[in-house]
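The listed protein sequences derive, respectively, from chains Z and W. Going by the working numbering, the first sequence wraps up at 451, each residue one higher than the last. Going by the working numbering, the second sequence wraps up at 170, each residue one higher than the last.
Source of the hints: derived by calculation from the structure; they are not laboratory data. Any given hint could be a false lead.
Said to hold, decoys possible - Some chain Z residues flagged as far from chain W (calculated, every beta-carbon gap over 10 Å): (1) Lys315; (2) Thr318; (3) Gln353; (4) Ile389; (5) Thr395; (6) Lys442; (7) Ser444.
Said to hold, decoys possible - Subject to a maximum C-alpha distance of 30 Å in a straight line, what follows is the list of computed DSSO-like cross-link-like pairs (lysine-lysine): (8) Lys337(Z) with Lys431(Z); (9) Lys305(Z) with Lys431(Z); (10) Lys423(Z) with Lys442(Z); (11) Lys391(Z) with Lys442(Z); (12) Lys86(W) with Lys45(W); (13) Lys86(W) with Lys104(W); (14) Lys104(W) with Lys305(Z); (15) Lys442(Z) with Lys337(Z); (16) Lys391(Z) with Lys305(Z); (17) Lys349(Z) with Lys305(Z); (18) Lys315(Z) with Lys337(Z); (19) Lys305(Z) with Lys45(W); (20) Lys75(W) with Lys349(Z); (21) Lys349(Z) with Lys442(Z); (22) Lys86(W) with Lys75(W); (23) Lys104(W) with Lys349(Z); (24) Lys86(W) with Lys305(Z); (25) Lys349(Z) with Lys391(Z); (26) Lys431(Z) with Lys442(Z); (27) Lys45(W) with Lys349(Z); (28) Lys391(Z) with Lys75(W).
Computed from a predicted model, the values in this text were never measured in an experiment. All residues carry an ideal CB built from backbone N, CA and C; glycine is no exception.
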Amino acid sequence: MNDISTSPAEKSSQRALPRWGRILAWVALFALLVIVAMVLLQKQQGPVAVGQKPPTFTLTTFDGEQVGPAEMAGKVVLVNFWASWCKPCEQEAADLESAWRYYQPRGDVLFLGIAWTDTEPASLGYIEKFDITYPNGPDLGTSISQAYRITGVPETYIIDKNGLLAYVKLSPFTSLSEIKASIDPLLSP
Amino acid sequence: MAIKQYLFSTVLTLLLGLLVVSTVLAQQPTPSDDQVNVIAKQLYCPVCENIPLDVCPTTACAQWRELIRQKLALGWSEQQIKDYFVQQYGARVLGTPPPKGINWLVYLVPPVAILAGVYVLYRVFISWKRPIQQGEVQPSTPDPPALTDENQDEYIQRLEEEVRKR
Numbered sequence: 263m264n265d266i267s268t269s270p271a272e273k274s275s276q277r278a279l280p281r282w283g284r285i286l287a288w289v290a291l292f293a294l295l296v297i298v299a300m301v302l303l304q305k306q307q308g309p310v311a312v313g314q315k316p317p318t319f320t321l322t323t324f325d326g327e328q329v330g331p332a333e334m335a336g337k338v339v340l341v342n343f344w345a346s347w348c349k350p351c352e353q354e355a356a357d358l359e360s361a362w363r364y365y366q367p368r369g370d371v372l373f374l375g376i377a378w379t380d381t382e383p384a385s386l387g388y389i390e391k392f393d394i395t396y397p398n399g400p401d402l403g404t405s406i407s408q409a410y411r412i413t414g415v416p417e418t419y420i421i422d423k424n425g426l427l428a429y430v431k432l433s434p435f436t437s438l439s440e441i442k443a444s445i446d447p448l449l450s451p
Numbered sequence: 005m006a007i008k009q010y011l012f013s014t015v016l017t018l019l020l021g022l023l024v025v026s027t028v029l030a031q032q033p034t035p036s037d038d039q040v041n042v043i044a045k046q047l048y049c050p051v052c053e054n055i056p057l058d059v060c061p062t063t064a065c066a067q068w069r070e071l072i073r074q075k076l077a078l079g080w081s082e083q084q085i086k087d088y089f090v091q092q093y094g095a096r097v098l099g100t101p102p103p104k105g106i107n108w109l110v111y112l113v114p115p116v117a118i119l120a121g122v123y124v125l126y127r128v129f130i131s132w133k134r135p136i137q138q139g140e141v142q143p144s145t146p147d148p149p150a151l152t153d154e155n156q157d158e159y160i161q162r163l164e165e166e167v168r169k170r
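All chains should be modelled from the sequences, with the hints used to inform the complete structure.
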């Protein structure tokens, strides 16, 4: 016998998902969209902007020394991201070292080199090749580069004595005078 | 006294010899490219996104492969090497993300989506299979309006006029 007592509308409602199932499906879909949106927003953010407070980090150098916010406080800090396989990095390496030797005696300037996605033997070879004496260390877990949202190497960030980002260079420095021109205005007379 | 010195030097020589032998035994023969690539193809260098390390042509990737070779030569296992790379360069170097935190979505969403899709298809097929009830029959196109006697007469009249003209 056919079920002639049930109307088509009733049958349609019987076929539909239960209410809790529909709510769950919409919540899951919404949550997924929010996560995708957050990831996309994060990816579309450019590098840290000048005038902002840059991310804090502690660098463990290849010598095992720790350089963190306490060592950076009250100083002009130049943070340079580099890699041994990066040819443009070689272009600025000698100038950065010269600048470091020029500013180091003052005591209020700190240079930090961060090796990005580099192997330790290759990094050490690079440091030796360019006779680099300022603190250098690996970007363990690429956490520092991700915090700074770098897009490649070389990239250089200069933080002023108040701890704010004062200068960003997304390409290699072309001369010692260019490095000095970016640091000198941040130093007290 | 001479015997003591002889014994001491013999024991010392033996100990040094053992040390050298154990060091040599710990060193593995140079791993082949195939051995390196077994691990390399599971890793991705952040510089060249979406290219597995075993086929990536950049200098950075060549350095990474060389590092894998060195670690294999030191007797490290595949898991130890992968853990080392994760520690050095982050979890994103892995071809398959570790199942923790938000990474669980990668493992959960596809099967849940497939199951949901199968369920929807099942319901659709069931609804297709169900015999159509008489009350549910809906005409697909409306019937043309029936001709009334008046319309029909006018139509016939016009036809006759046309025939007469010819």
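Hints, verified against the model:
no. : hint                     : verdict
1   : Lys315                   : holds (24 Å)
2   : Thr318                   : holds (18 Å)
3   : Gln353                   : holds (16 Å)
4   : Ile389                   : holds (15 Å)
5   : Thr395                   : holds (24 Å)
6   : Lys442                   : holds (31 Å)
7   : Ser444                   : holds (26 Å)
8   : Lys337(Z) with Lys431(Z) : holds (19 Å)
9   : Lys305(Z) with Lys431(Z) : holds (20 Å)
10  : Lys423(Z) with Lys442(Z) : holds (16 Å)
11  : Lys391(Z) with Lys442(Z) : holds (23 Å)
12  : Lys86(W) with Lys45(W)   : holds (11 Å)
13  : Lys86(W) with Lys104(W)  : holds (16 Å)
14  : Lys104(W) with Lys305(Z) : holds (21 Å)
15  : Lys442(Z) with Lys337(Z) : holds (15 Å)
16  : Lys391(Z) with Lys305(Z) : violated (35 Å)
17  : Lys349(Z) with Lys305(Z) : holds (26 Å)
18  : Lys315(Z) with Lys337(Z) : holds (14 Å)
19  : Lys305(Z) with Lys45(W)  : holds (26 Å)
20  : Lys75(W) with Lys349(Z)  : holds (27 Å)
21  : Lys349(Z) with Lys442(Z) : holds (22 Å)
22  : Lys86(W) with Lys75(W)   : holds (10 Å)
23  : Lys104(W) with Lys349(Z) : violated (37 Å)
24  : Lys86(W) with Lys305(Z)  : holds (26 Å)
25  : Lys349(Z) with Lys391(Z) : holds (13 Å)
26  : Lys431(Z) with Lys442(Z) : holds (13 Å)
27  : Lys45(W) with Lys349(Z)  : holds (26 Å)
28  : Lys391(Z) with Lys75(W)  : holds (24 Å)
In the structure shown, a violation is registered for the earlier hints numbered 16 and 23, in ascending order.
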